[in-house]
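There are 2 protein chains.
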Amino acid sequence: MAPIVDIHTHVYPPKYMDMLRSRTEVPYVRNFPDAPDSSRLIILPGEDDPSMPGTSRGRPIGSEYFDIKQKIAFMDQHKIDKSVISLANPWLDFLPADEAGQKAIEINDDVNEQCSLYPGRLYFFGTLPLSADTDTIVKEIERLSTLKYARGVILGTSGLGSGLDDPALDPVYAALSKYNQLIFLHPHYGLPNSVYGPRVGDYGHVLHLAMGFPLETTIAVTRMLLSGVWDRHTSLNVLLAHSGGTLPFLAGRIESCILHDGHLKAHGKTQNRRDVWDILKTNIYLDAVIYSEVGLNAAVEASGADRLLFGTDHPFFPPLEEDAKEWHSVNANYGAISKAFAGADEKAQGVLGGNAVRILRLEDDM
Amino acid sequence: MAPIVDIHTHVYPPKYMDMLRSRTEVPYVRNFPDAPDSSRLIILPGEDDPSMPGTSRGRPIGSEYFDIKQKIAFMDQHKIDKSVISLANPWLDFLPADEAGQKAIEINDDVNEQCSLYPGRLYFFGTLPLSADTDTIVKEIERLSTLKYARGVILGTSGLGSGLDDPALDPVYAALSKYNQLIFLHPHYGLPNSVYGPRVGDYGHVLHLAMGFPLETTIAVTRMLLSGVWDRHTSLNVLLAHSGGTLPFLAGRIESCILHDGHLKAHGKTQNRRDVWDILKTNIYLDAVIYSEVGLNAAVEASGADRLLFGTDHPFFPPLEEDAKEWHSVNANYGAISKAFAGADEKAQGVLGGNAVRILRLEDDM
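Top to bottom, those sequences are chains A and B.
Just so you know, full-length UniProt numbering puts the end of the first sequence at 366, numbered straight through with nothing missing.
Just so you know, full-length UniProt numbering puts the end of the second sequence at 366, numbered straight through with nothing missing.
It should be emphasised that the hints constitute simulated quantities derived from the structure, not laboratory data.
No incorrect hints appear here.
The list cannot tell twin chains apart, which means a pair is met if one copy fits it or any two copies do.
Calculated cross-link-like contacts (lysine to aspartate or glutamate; reagent style EDC-like; alpha-carbon spacing at most 20 Å):
| id | residue 1 | residue 2 |
| --- | --- | --- |
| 1 | Lys269 | Glu322 |
| 2 | Lys79 | Asp345 |
| 3 | Lys103 | Asp133 |
| 4 | Lys103 | Glu142 |
| 5 | Lys265 | Asp323 |
| 6 | Lys339 | Glu301 |
| 7 | Lys269 | Asp202 |
| 8 | Lys269 | Glu321 |
| 9 | Lys265 | Asp202 |
| 10 | Lys265 | Glu326 |
| 11 | Lys265 | Glu322 |
| 12 | Lys325 | Asp261 |
Just so we're clear, the structure is a prediction, and the values are computed from it rather than from any experiment.
Make a model of the complete structure from these sequences and hints.
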């Protein structure tokens, strides 16, 4: 019986919380006078519009965001044996260049130490100082490879500031390949508010979370593909959040659009390239955070059941009722896996944890 | 043996071409001095940047866009028995309010007449004068229901100007429901260029077509859902282009985001509503223009094989080589259907044409 492993689960470690509390610009954490009992986390521009009451700004941030004991309790409650924790967005993207390197060292050490408190149960994806110079970033990748519980890095979609298709990222991708560190690619910025129309406020955060996040991921990974990242870095591995955004569903259309594109054709770029399906089955892993059997089946068909990894997105999507213990979101993902793999227990075990153990080398420190 | 029916196939009928040729603003058709042999169709703002050579502006528009004989020849070549043709984007969205009503009448009559030249082989989705007042729009819906070959309307995502979740569209949706006219929902505007990053020009039209189009559709239909269109108009039927954009894949996440949304919860909007899956299986039809078995399977699982309809997107995505007769895009969609329904011939026949005959009432005029 393989352990159950959660590879999509976030923390804001103590050093990061200190930083958020000391800031006055997005991102920051603050108690507003009209919401004195609850810290609010503001991570996106506009979420702190002064016209809004404090209780509507950003989201409440309780101890489940930073207390590692609560992570372990959540894991126990949901029979999760191991978690690969990662800093939640917005990571370090906003730091001045000269601070980012040192902050990344502090925060990664902080998370590594948290993992050491629960040996064999916690591992982590590190955070890179992307606003620093490339040398500093590469050095942190090298250093991460020496930290006992590090198993890769979490990355947003902005890269050095202009996206993951930036050729200036080549040394970063080369270092990640060299040290066999996987990228956990995760959205943060979503899409411009204008695309949701004038009634977006009526729908809470639904359009931003349900559309903006997955679409941001899909665009980012397609830009990587089109810019030839995987033609140059054939062993670079990327784990895509939310089952790839929408990549499994759109892969056929992407491939068709590439083949038919006049500009790419004129520049000889429709041929002699690794196609979407090849990348999906060789370099891409998908988490299983998709809340439906339909989406999960598409992910399996696109990448293979041996490349799919269970996740929860904890502490986001908490129980629906205030006094409920059950996490509906977690059960939705468990349920999708058990339906999709009914009668295929070995595959289900792989998705629930076996794949993560193999891919992320989690057996060493039991 | 059911006939093969193509429900996603576009024309610019003669009256519409005359209009495009007479215009000097987007959208328009023109021969540029440095591209004298080929008319260029400019349908999106920015596609006619004067710094670009004429041969790079918009796209060449040959007779396959407007000559109905070529549509029939294409159908014969690909064994398509019947086509439900529709005006290609941008339809009439750009017309002044006082011209739109009359233009819609002329263009719908024009298309109806083209269909009458090939009885039993051609039907059409009409075009609505959306910039006119609601009465004019509703009158055209009534009038379309009297045209022999009309079977619904094609609609972009902008509605009366602020999207398909606009309550002012209620009389339009009521009229479409009353006359049992289906909406063929089709993207046009895509996403703002900024979301593709600074290297978008290197990738031709791939990101716009492969990401922007499906994401525009998904956002539009989710806005309809969130605004309660289908709670108010329970028999309104919508056929979604490109297998729903990304709706089948994201449906689970959409439903989860609705259930967990604090704002919707506070307003009692997470309960007593028809959920995404109910709408997908009751009010939504999906075309099969998705170019992969993975996407097609997800569409089937989300809506059912009896709600999926074959399409080609002709005359877009023409043969890959200039002298080739084979349409790679058409064969990709045929291939996905035959793989997805291997051993389930009845379902395949339904998708290829049986469903369209039943849903769009195409048996009457053989």
